[in-house]
Amino acid sequence: MRFSEIKTHLSKFRVGIAGAGGLGSNCAVALARCGVGSLVIVDFDVIEEPNLNRQYYFTDQIGMMKTVALKENIARINHDVNVIIHQKKLDRINITEIFSDCNIIVEALDSAVMKEMLIETVQIKMPGIPVVVGSGMAGWGKTNDIISRKVDETLYVCGDEYSEVSDNLPPIAPRVAIVANMQANVVVELLMNTK
Amino acid sequence: MKILLNNREEEFMKESISVYEMLILKKFSFKMRIIKINGALISKEKYDTTIIYDGDDVQMLYLMSGG
Numbered sequence: 005m006r007f008s009e010i011k012t013h014l015s016k017f018r019v020g021i022a023g024a025g026g027l028g029s030n031c032a033v034a035l036a037r038c039g040v041g042s043l044v045i046v047d048f049d050v051i052e053e054p055n056l057n058r059q060y061y062f063t064d065q066i067g068m069m070k071t072v073a074l075k076e077n078i079a080r081i082n083h084d085v086n087v088i089i090h091q092k093k094l095d096r097i098n099i100t101e102i103f104s105d106c107n108i109i110v111e112a113l114d115s116a117v118m119k120e121m122l123i124e125t126v127q128i129k130m131p132g133i134p135v136v137v138g139s140g141m142a143g144w145g146k147t148n149d150i151i152s153r154k155v156d157e158t159l160y161v162c163g164d165e166y167s168e169v170s171d172n173l174p175p176i177a178p179r180v181a182i183v184a185n186m187q188a189n190v191v192v193e194l195l196m197n198t199k
Numbered sequence: 000m001k002i003l004l005n006n007r008e009e010e011f012m013k014e015s016i017s018v019y020e021m022l023i024l025k026k027f028s029f030k031m032r033i034i035k036i037n038g039a040l041i042s043k044e045k046y047d048t049t050i051i052y053d054g055d056d057v058q059m060l061y062l063m064s065g066g
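Protein chains in written order, with our numbering: chain B, 5 to 199; chain W, 0 to 66.
The reader is advised that the hints may include incorrect statements.
[Unchecked claim] Stretches of chain B that chain W covers, calculated by requiring three or more beta carbons in the stretch to come under 8 Å of a beta carbon on chain W: (1) 5-16; (2) 89-97; (3) 131-141; (4) 166-180.
[As the list claims (entries may be wrong)] Once the Cα atoms are required to be at most 20 Å apart in a straight line, the calculated DMTMM-like pairs of lysine to aspartate or glutamate come out as: (5) 35(W) to 124(B); (6) 154(B) to 171(B); (7) 129(B) to 44(W); (8) 35(W) to 20(W); (9) 45(W) to 55(W); (10) 30(W) to 193(B); (11) 26(W) to 47(W); (12) 154(B) to 53(W); (13) 30(W) to 171(B); (14) 45(W) to 124(B); (15) 30(W) to 168(B); (16) 43(W) to 124(B); (17) 30(W) to 114(B); (18) 26(W) to 168(B); (19) 35(W) to 157(B); (20) 43(W) to 171(B); (21) 13(W) to 47(W); (22) 16(B) to 52(B); (23) 154(B) to 193(B); (24) 154(B) to 56(W); (25) 154(B) to 55(W); (26) 129(B) to 156(B); (27) 30(W) to 164(B); (28) 1(W) to 56(W); (29) 35(W) to 156(B); (30) 13(W) to 53(W); (31) 45(W) to 20(W).
[What the hints assert, rightly or not] Counterexamples of contact, computed for chain B against chain W with all Cβ distances above 10 Å: (32) 105; (33) 124; (34) 145; (35) 149.
Derived by calculation from the structure, the hints in this document are not laboratory data. As the structure is a computational prediction, the values presented were derived from the model and not from experiment. Every residue gets a Cβ at the ideal spot worked out from N, C-alpha and C, and that includes glycine.
Next up, chain B with everything else stripped away, as it sits in the complex (with noise of 0.2 Å):
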């Protein structure tokens, strides 16, 4: 198939980008530049210094909404995808508001905790839409020990399962781009797959 074929497929579908952090941003404009329609970005968080060792940001916009320079940036790439955003901090009760039209939805959280609520509140209040989730890419190397998997028809885990953040075992960019990146083939499989 075309890339221009692709494209157009793509755009009939929107995504929900739950979290612009490291996986999130990587993520959406993995999906912009491959023409997904329309993508829905939420994140309550500004962008800071330290965020530049992974996220899909630059040092002028330090200080901006994440989600306002995302959306900035994915226009510099492709301004045909529609990127609606919201500054918010997900919960059990605005997660199916705000992802209602979505016909995938990747987590893209920081924490454990905010990853567990999305992926029980989507699977229940949600039944049939995909989340695409990403759990380890702390640290560096140890490439191959990161997958996808399927857990069933609407449950899909990018990463390696047990590299956790901390202060000796940072983010940083190979891994958690190598993630998102996993994550947004996973969301660009199963929209192929969508009639």
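We have chain B; now place chain W onto it with these hints.
Leaving out everything else, chain W in the frame of chain B:
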């Protein structure tokens, strides 16, 4: 009883066990996880009261902070 745990067969010397018992028996240490039994998500508050039976398909996913 025999169950499928992440697509691998596991045997327990009991007829049924709670999710909580399974976590203890398997010595699973990670705190944050998602557990699904036959496709249904089991929330953490229900680990004590949810029973796993022979032939059940248990899927487990570990949640690590970072993103």
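Query - Distance restraint between residue 154(B) and residue 171(B), which requires alpha-carbon spacing of 20 Å or less - result: violated, 30 Å
**Report entry** Restraint status (C-alpha distance of residue 13(W) to residue 53(W) at most 20 Å)
**Finding:** Distance of about 9 Å is within 20 Å: holds.
Requested in this report: Starting from residue 35(W), check that the Cα of residue 157(B) is at most 20 Å away, please.
Outcome: holds, 12 Å
Query raised in the report: For the pair supplied as a hint, residue 45(W) and residue 55(W), is the alpha-carbon distance within the 20 Å limit?
Result: Judged against 20 Å, a Cα distance of about 17 Å means the pair holds.
Query raised in the report: Taking the closest pair, is the beta carbon of residue 105(B) still more than 10 Å from chain W?
Result: holds, 22 Å
Query raised in the report: Three or more residues of the segment 166-180 of chain B near chain W by CB distance under 8 Å?
Result: holds (count 6)
Query - Pair hint residue 16(B) and residue 52(B), alpha-carbon separation not exceeding 20 Å - result: Given that 20 Å is the threshold and the Cα spacing comes to 34 Å, the pair is violated.
Query raised in the report: Within a Cα-Cα threshold of 20 Å, do residue 129(B) and residue 44(W) meet the stated pairing?
Result: holds, 17 Å
Query raised in the report: Would the least Cβ to Cβ distance between residue 145(B) and chain W come out above 10 Å?
Result: holds, 15 Å
Query raised in the report: Was residue 124(B) rightly flagged as not at the interface, with every chain W Cβ beyond 10 Å?
Result: Per Cβ check, residue 124(B) is inside 10 Å of chain W; nearest 6 Å; violated.
Query raised in the report: Does the alpha-carbon distance linking residue 43(W) and residue 124(B) stay inside the 20 Å limit?
Result: Distance of about 10 Å is within 20 Å: holds.
Query raised in the report: residue 154(B) and residue 193(B): Cα distance at most 20 Å?
Result: Within the cut-off at roughly 12 Å; holds.
When held up to the earlier numbered hints, the structure conflicts with 1, 2, 6, 10, 12, 20, 22, 33 and fits the remainder.
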